[in-house]
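Undergrad: Required output: the full structure, derived from the provided sequences and hints.
These protein sequences, in sequence, are chains A, B, C, D, E and F. If you count the first sequence from 1, you need to add 554 to reach the numbering used here. If you count the second sequence from 1, you need to add 554 to reach the numbering used here. If you count the third sequence from 1, you need to add 554 to reach the numbering used here. If you count the fourth sequence from 1, you need to add 554 to reach the numbering used here. If you count the fifth sequence from 1, you need to add 554 to reach the numbering used here. If you count the sixth sequence from 1, you need to add 554 to reach the numbering used here.
Don't read these hints as lab results, they were simulated from the structure. Take these hints with a grain of salt, some might be off.
[To be verified] Simulated crosslink set (EDC-like; lysine to aspartate or glutamate; CA at most 16 Å straight-line): (1) D/Lys682 with B/Asp595; (2) F/Lys682 with A/Asp619; (3) F/Lys682 with A/Asp595; (4) A/Lys682 with C/Glu683; (5) B/Lys682 with E/Asp619; (6) C/Lys621 with D/Glu657; (7) C/Lys682 with F/Asp595; (8) B/Lys621 with A/Asp619; (9) A/Lys682 with C/Glu657; (10) E/Lys682 with D/Glu657; (11) B/Lys621 with A/Glu657.
6 protein chains.
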Amino acid sequence: MNPATEAVPNVTESVRYARGWEKLREIDGKAGENVIAALADIAPDFARLLIEFAFGDIYSRPQLDLKSREIGVVAALTALGNAAPQLKVHIHAALNVGCTQEEVVEIIMQMAVYAGFPAALNSLFAAKEVFAERGRAER
Amino acid sequence: MNPATEAVPNVTESVRYARGWEKLREIDGKAGENVIAALADIAPDFARLLIEFAFGDIYSRPQLDLKSREIGVVAALTALGNAAPQLKVHIHAALNVGCTQEEVVEIIMQMAVYAGFPAALNSLFAAKEVFAERGRAER
Amino acid sequence: MNPATEAVPNVTESVRYARGWEKLREIDGKAGENVIAALADIAPDFARLLIEFAFGDIYSRPQLDLKSREIGVVAALTALGNAAPQLKVHIHAALNVGCTQEEVVEIIMQMAVYAGFPAALNSLFAAKEVFAERGRAER
Amino acid sequence: MNPATEAVPNVTESVRYARGWEKLREIDGKAGENVIAALADIAPDFARLLIEFAFGDIYSRPQLDLKSREIGVVAALTALGNAAPQLKVHIHAALNVGCTQEEVVEIIMQMAVYAGFPAALNSLFAAKEVFAERGRAER
Amino acid sequence: MNPATEAVPNVTESVRYARGWEKLREIDGKAGENVIAALADIAPDFARLLIEFAFGDIYSRPQLDLKSREIGVVAALTALGNAAPQLKVHIHAALNVGCTQEEVVEIIMQMAVYAGFPAALNSLFAAKEVFAERGRAER
Amino acid sequence: MNPATEAVPNVTESVRYARGWEKLREIDGKAGENVIAALADIAPDFARLLIEFAFGDIYSRPQLDLKSREIGVVAALTALGNAAPQLKVHIHAALNVGCTQEEVVEIIMQMAVYAGFPAALNSLFAAKEVFAERGRAER
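TA: Below, the structure written as structure tokens:
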């Protein structure tokens, strides 16, 4: 890396980081913070890039509302079917940004058409766990 | 199969079919009809099941608005990355039910976070083709 | 939804449901019933659609014998590698409809050629669990 | 590599190769030979391993009939949805070893349940092309 | 977005962009520039994020040499099997940063073990095209 | 199978097996042996084919060094995201053949660009477990 590059004070970086961290907390709440904490002793730079890029750059863009973004993410992770922990984080996130439980169930059901019934079933059972966790937390 | 089953007049079937066909036309327009037509000489029963189940049963449910459904489908097909023709049909569909081009681009961009940049790039280029087709059609 | 649609008595629906339920029990036995029961408090409509569409519409068709259908499903779920619970249900199902354990092992082994050794290995270990469960049940 | 290893005459290798080549021709016919020919100038060793392992080792095993093997392969490649050329080769293969066109269509339709409608649709259109090619060849 | 955020001059951003652009050209050459150009009229912001994040943040890190990075990318895109244009760009890239054609063929062949023969075959045929393109360019 | 085929003494087979077994132990150590042992009562032939083909045929080829091979495998299994046990075996393997922990983390981080952040996150957490296991073993 160019030493000149390194000498530039990371002013904007810290702005992206701060904006991303705020957005992460707004969307994912405690679950998002836990992911970042779990990365601290294995890949702290990756935690920083996740905050800066995913949350500071992408989620902060005004072109699409957060509810639509989370419907898309729940749909995609349901269809991919290989990222169970992240699917649960984003079912929480969808509820955090204004989706109802009924809407979350519905977008998962629709994925049966595009990715098959097993993908939808496994995601529905993840949603069942998330709804139960939130039910316990609300009491 | 039980002959008794066969003897039941397909009253409700025809209702599901009619409801599904209407919904298919509302969402997918001509592109949806073309898919059905292309199935006629290879698997006409599959065309019927697609209309009855996907459109008559799932898309007709009132629990989620069509715009949210299509955002979820564009996100999922972008992430899966292995169904180019259907992705294009659903980018059209998203625009048909009220998404702006900017919103379509945005949900695809977000998939870079969840399924990688190649998946997002290929979907953006599909969107570019769809937007061009519609631009030509509108002139 | 058109109120007229709703007024049609669900005669055929109940036939599809009954036919599907019977087929589900024939193929998946207790494991299939458990899936339906687990959906009751999260997405009961999805359970109904699964019975009506997957079992009432598809599995009930006479064009292919159940043994061939289950060989195809075990092969596909092995290759996809992201639906472990459904894979186990369908290894049971394959044995229920007439496959030998040796045939199940063989179709899974063949998937090493089409989806790689990890996919085949994980499916073989699922088969090992299923065979053990059935061994215990038979005693 | 151990020089001793290299000194062993490849007696059994040539047996595996011959057995695999014969099996490849039985199953895939001309389409299989074309794949091998296309590898000659890029990865001839890979062509040899494909013949020896996939056809000499796996397909030659007596534990499962060829028709069941091809039903499994068509199902798996339909579900994966990312290997169009191989899917067409194996739709040909399924027909070569005794499946009817109706059975091929049926196992593909069933994949809508396990991998979604887009996967099944794209595979049905591949089948349509294969059936047309064979129709022309038979005339 | 916080107006304060917007007021910060994009000093570091432009450094990340410049570093990324330089890295993109080093690795992907003309093919990389073409991808960026193709995004100009559909999603210019995505082109910027691709340069800044993928190339400015990730590829610029000194923790792994470029040759190892490209071996990993060719392996991954071969295994995923759903991103043909990007696979070709990265076969070029692997050769640009010091892999031999023999090494590229070898890492692709190895993917037969982890993702099946169809994935490896399609990637070998992509490599064949890339090698031919470069052969023509060199003359 | 041709009886003549069966009569050929398995001289070369046993050479491939011996070479593969030695290579398996060199790369995967105890973890590889455990996989083979776990196959003994369900599919012993599959264990043999895995040793002969994957290790005796592929890994024994001199065209690519073992460190590059394992970087490719860790990248591919991270991207596929559906083979957690094999991913852990190959993170061990990468370290066994000369990768540093930092290099393993880095190739996984890079997969965020090609397969998304969830795939990279889950693989980083697998690496964390592997590093901890080795830390305990070294004490």
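Undergrad: For each hint, tell me whether it holds in the structure or not.
TA: For each hint, the structure was consulted:
1. D/Lys682 with B/Asp595: holds, 8 Å
2. F/Lys682 with A/Asp619: violated, 35 Å
3. F/Lys682 with A/Asp595: holds, 8 Å
4. A/Lys682 with C/Glu683: Not satisfied, since the Cα-Cα distance of roughly 26 Å exceeds 16 Å.
5. B/Lys682 with E/Asp619: Not satisfied, since the Cα-Cα distance of roughly 35 Å exceeds 16 Å.
6. C/Lys621 with D/Glu657: Satisfied, since the Cα-Cα distance of roughly 12 Å is no more than 16 Å.
7. C/Lys682 with F/Asp595: holds, 8 Å
8. B/Lys621 with A/Asp619: holds, 13 Å
9. A/Lys682 with C/Glu657: violated, 36 Å
10. E/Lys682 with D/Glu657: violated, 36 Å
11. B/Lys621 with A/Glu657: The given pair, whose Cα atoms are some 12 Å apart, holds under the 16 Å limit.
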